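Chemist: If you're matching them up, the sequences are chains A and B in order. Once you know that position 358 of the first sequence is 343 in our numbering, the rest is easy, because the numbers rise by one and skip nothing. With positions in the second sequence counted from 1, the corresponding number in our numbering is that position plus 111.
These are computed hints drawn from the structure, not numbers from a lab. Remember, predicted model here, so these are calculated numbers, not experimental data. Where hints are given, some of them may not hold.
Okay, derived cross-link-like pairs now, BS3-like style, lysine-lysine, Cα gap no bigger than 27 angstroms in a straight line [to be verified]:
| id | chain 1 | residue 1 | chain 2 | residue 2 |
| --- | --- | --- | --- | --- |
| 1 | A | 78 | B | 485 |
| 2 | A | 78 | B | 524 |
| 3 | B | 426 | A | 133 |
| 4 | A | 403 | A | 348 |
| 5 | A | 348 | B | 242 |
| 6 | B | 229 | B | 395 |
| 7 | A | 332 | B | 265 |
| 8 | A | 178 | A | 189 |
| 9 | A | 133 | A | 189 |
| 10 | A | 78 | A | 212 |
| 11 | B | 266 | A | 332 |
| 12 | A | 78 | B | 426 |
| 13 | A | 178 | B | 426 |
Counterexamples of contact, computed for chain B against chain A with all Cβ distances above 12 angstroms [to be verified]:
| id | residue |
| --- | --- |
| 14 | 234 |
| 15 | 294 |
| 16 | 342 |
| 17 | 359 |
| 18 | 370 |
| 19 | 473 |
Glycine included, each C-beta is placed from N, C-alpha and C at the ideal position.
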Amino acid sequence: MALKKWLILLIVYSIPAMVASGQGRKINFLEYSLPNGLKVILHRDISVPVVAVTVLYHVGSKNEVPGRRGFAHFFEHLMFEGSVNIARGQFMKYVTDAGGTLNANTSQDRTFYYEVLPSNQLALGLWLESERMMHARIDSAGVNTQRKVVKEEKRMRFDNQPYGSVFAQVLKRAFHHTPYGYPPIGTMADINKATLGEFISFYKTYYVPNNAVLSIAGDINLDSTKKMISSWFGPIQAGKIPIIRPVVKPEPLTDAEKKAVIRDNIRLPAVIEAYRMPREGSTDYYAARILSVILSGGPSSRLNRELVDSTQQAAYVGTDPYFNENAGLLINIALANLGVSPDTLQKMMDGQVDSLKSSLVSKMEYTKVMNQIETAFVTGNSTMLGIAESLANYLVYFGNANLINTELERYHQVTREKIRAVARKYLNADNRVVLYYVPENGLSH
Amino acid sequence: MGKPTIFLLFILGLAGTARAQVDRTRAPQPGPAPQINIGEPDTFRLSNGLRVFVVENHQLPQVTASLLLKFGPVDEGDKVGYADMAGEILRRGTMTRTKTQLDEEIDFLGGYVHTESKGASAFSLTRNFQKIFAIMADIVLHPSFPAAELDNLKKQTLSGLAQQKDDPQSILQNVSSLLLYGKDHPYGEVETEQTVGRISLDDLKNFYQEYWKPNVGYLVLVGDITLPRAKQLASEYLGSWKAGEVPVHHFPYPKTPARTFVALVNRDASVQTNISIANTILLKPGDPENFPAILMDDILGGGSTSHLFMDLREKHGYTYGAYCSLSNDPLVGSFSAGTAVRNAVTDSAIVRMMDDLNDMRNREVSPDELERFKNSLSGNFARSLENPARIAEFARNISYYHMPKDYYRNFLKSLEAVTPAGIQQAAREFINPQHSVIVLVGKASDIAPQITQFGAIRYYDIYGNLVNAPSPASNPSSVSH
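Next comes chain A alone, as it looks inside the complex:
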């Protein structure tokens, strides 16, 4: 449905898949490190002859230096250019010729690469990933082409899309003056400035085994896979340049940042309320995720029932729990029906948020939301790629890959009182950014 497309645009760029965990099926895995610091996670599942080979580098847009917004994502494109042993243009061919698929994406915290292959092509995946970790081909030909491609990506996904600037406008205000203050796609001006020398230095700093997790899931033999990994990745030297991990500590919001009216090439006004939240994995995090389900999870959720069904003021509502390594946001979004003003919409959204602070959710609603969360967890691990990515995420961000099996318990520990307490602590007017997107004919942007 067309209405939902813009929301997907908002989130697709930056949210690692964190929906997966398991109660229905225990995910057994092996976790160890190579002497060069590479962390390895292996999960064996022989039900289908495929294997997902993934590498997570713990570097994202928040590691960029000032004046180079979009650099980490630009660099991600260069990682497909080949290596000392892989000619330009051949990297993708090796994978598709083997009947596999591949891609990558960059968030504010990390960059994630993957190949999904027939299981007899495991060695190919290991060769490709170890080649670009060891000695990627980073040259001016690649930089020049990919600079154009990245700019077209930005135009297509953001600049040429109605509501395409929502994410950037939210981050700019919610995380003012911090490395979280802009989306990973960056800006045209900064993309234009990036130089070959900077890319090489970035590669030597961050694309090192001691800053990566190799996570593999699928139809593999554990012993032989371990041997192969040590052959392909063992000879890669550990990085020697110290890795700076910026700790993002957002300052209190100023009055000027709380509310903005954005004119866009749109017909339906939208209201976006982004509440600042703690980082993922923190004690309040689980309550915050439950709040997002109460607000917008399913047609009986509060915003859906009140704004879309009962009063028919909104064409669409959604809640996006956007959580990162150092900070998070709970973003409520409502798209007005024709003729409805953003003020009306905001009052209704605030009414729903306020009721979460004034009274406890009923036992019935609490059970319903827990049932919804349980279904999502139990059924989340349905692909090898999803399992490999979840394992890596849990290890890097939560320090414990086994949360893939046990994280649901943490949700169950959140009481109704805790939910209300977290709503009271964070869902306040002085802790949020409010954006009104309003139609403007003529030149915008």
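Place chain B on chain A using the hints.
Modeler: Chain B in isolation, oriented as in the chain A frame:
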């Protein structure tokens, strides 16, 4: 599950896996080819004619049900949108449940139930599946068509239409379909404020009563369920559904344009031009021509190693992606190539695309390239089986489209048999650069002066109505190129 059929996916050499020393200078050899098992789902029919397909997969404690009805397409005349709306209103009330009650019950079970014009689906954990399935059946058999919900649906549809007016891809699709199939063909109909305004509750009820019959229904159950359980659920909850005759309509094959023309939809805010080059094709599901056609489409524009992507993105940097797609259909299918490029290179991008399309027709691909794409498609096919619903889809498609029974069982073998000459023949048959519709959605003042070489430009509004050329925009573009 019935007897699995076993295939060898790759006929490739053996190689050792564990080696202390590795040769980094070349790609490692693959291990022994894995076996691909394509199971046969269990099937049965209820006495009212409903066909049921069951695929057992106990990996996760979940079950999905999906119902698909075979009819249409339906000519919606001056009320375009009513078939979709009829599908949506079913989920909004039954004789014994209001929408609010349905929402509460379904969410409480942690599952979902969706409906659309040609079917319904439901999903939940195994332990709640009987209840979810019962609700889906109630929705399918006893919808109440609440008048208030029609109002709400109309309001939401109008909001959706308003939003689409600024979405370049929606505009491209609407105008392209209209120009390709014509406004008198169901595939070319465009939903507007006017057509939605004319829809009445009776239109929705009549549609449901005419077309929603079990004898044209295909029910697929996939997941943590057994055959006896499936039989019990289907007959208990859908056994009372009454069979009936469903009308069949015929539509003439759309006219092909005498020569290729450019349709331009002006969008002043655009910083990219969305481009589509399309023609209709005659290719039905199950036809043997599908195999060379699928391969040809993949070589030309299926992915990141295909001609269009390598040319427009990797060689020229015009775009983030360029692809083509070929879709078969019992009535009329289509071939289309599409991309989005910055305004300044609109003409060059069209030239490149047309060259790539013509090249596909004029030149045989090398056996080596064909081999690589065969491997690629075989692998896609194998990986798609990671989703157990695929096996059910195969069986359902065979029945729904009257395809050869061994179509999917022989899928890999049929791909393997395609020759370079077969690819070229498919290109000549299905790509028609001389008789195509080129639709551009973009900033006319930037792009119109560039594209005169493609013949007279026809201007259209976002609904596909012919309009006059827009007057030149007074403001220069604010975008850096």
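Chemist: Which of the numbered hints are not met once you compare them with the structure shown?
Modeler: Structure breaks hint 14 only.
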